[in-house]
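*Asks:* Here's the letter readout for the chains.
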Amino acid sequence: EPEVTQTPSHQVTQMGQEVILRCVPISNHLYFYWYRQILGQKVEFLVSFYNNEISEKSEIFDDQFSVERPDGSNFTLKIRSTKLEDSAMYFCASSGPGERLYEQYFGPGTRLTVT
Amino acid sequence: RKEVEQDPGPFNVPEGATVAFNCTYSNSASQSFFWYRQDCRKEPKLLMSVYSSGNEDGRFTAQLNRASQYISLLIRDSKLSDSATYLCAPQGATNKLIFGTGTLLAVQP
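Just so you know, the sequences run in chain order V and L.
Letter by letter, the first sequence follows residues 1 to 115 of my numbering.
Letter by letter, the second sequence follows residues 1001 to 1109 of my numbering.
Chain L regions said to be covered by chain V (calculated; three or more residues, Cβ under 8 angstroms):
hint, segment
1, 1044-1054
2, 1097-1105
Once the Cα atoms are required to be at most 20 angstroms apart in a straight line, the calculated EDC-like pairs of lysine to aspartate or glutamate come out as:
hint, chain 1, residue 1, chain 2, residue 2
3, L, Lys1045, V, Glu99
4, L, Lys1042, V, Glu3
5, V, Lys42, L, Asp1007
6, V, Lys42, L, Glu1003
7, V, Lys42, L, Asp1039
8, L, Lys1042, V, Glu1
9, L, Lys1045, V, Glu3
Label-pair restraints from in silico Cβ distances:
hint, chain 1, residue 1, chain 2, residue 2, range
10, L, Tyr1051, V, Lys42, 19 to 25 angstroms
11, V, Asn52, L, Thr1018, 44 to 50 angstroms
12, V, Val12, L, Asn1065, 42 to 48 angstroms
13, V, Leu84, L, Pro1010, 27 to 33 angstroms
14, V, Asn52, L, Gly1054, 32 to 38 angstroms
15, V, Thr115, L, Lys1042, 21 to 27 angstroms
16, V, Pro2, L, Phe1060, 21 to 27 angstroms
17, L, Ala1067, V, Leu84, 40 to 46 angstroms
18, V, Tyr50, L, Asn1027, 18 to 24 angstroms
19, V, Asn28, L, Gly1058, 25 to 31 angstroms
The hints are simulated quantities; they were obtained by calculation from the structure and are not laboratory data.
Given the structure is predicted, the values throughout are model-derived calculations rather than measurements.
For every residue, glycine included, the Cβ atom is placed at its ideal position computed from N, Cα and C.
Only chain V is shown next, with the shape it has when bound in the complex (with noise of 0.2 angstroms):
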């Protein structure tokens, strides 16, 4: 069964640096997202992107975020200068075609860990 991909598993990294994780999609989805989790909290939607552009962002996606999708098949979520509070767990998901448009599927996610 198509599955979601995410590298690195986890990412460690100094406050002020610029951290890049990575996504693969299902391979004929349309629809991709980020999500975050701090430990202990809710899931929180970060971004989402259809066509090529981001469709939504939420509050916490600010200057320091960016997103991309630089070839047919990866996702990107770029922070650029780290804080301690990114420290947190990221999740891509993916959803599309058909009848199950809106069924999002996340993958194993990355534990970003600022120090």
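Assemble chain L onto chain V, guided by the hints.
*Replies:* Relative to chain V, chain L alone:
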């Protein structure tokens, strides 16, 4: 009012029991609703989709009450492997999911 509210639990039930979780949501415009299960430190896994009044899949039944803006999940004949956190997720604008904090289920032998 929170966007999505769930009883955090934990629900401690014996194997074989029937257990029900409720979830209320504030956005009356939501059209699609989902239940996910999340194991500790893992990703949410899609359990059920609810587009109309309800859906049934084996031991799992989800029901939607649009008038009262709540969704329920019923698990029959609980198994040890059902132990997890169950997340309610109505869909907002542009397909984003709005997650509740989840309900923790612990099935005891």
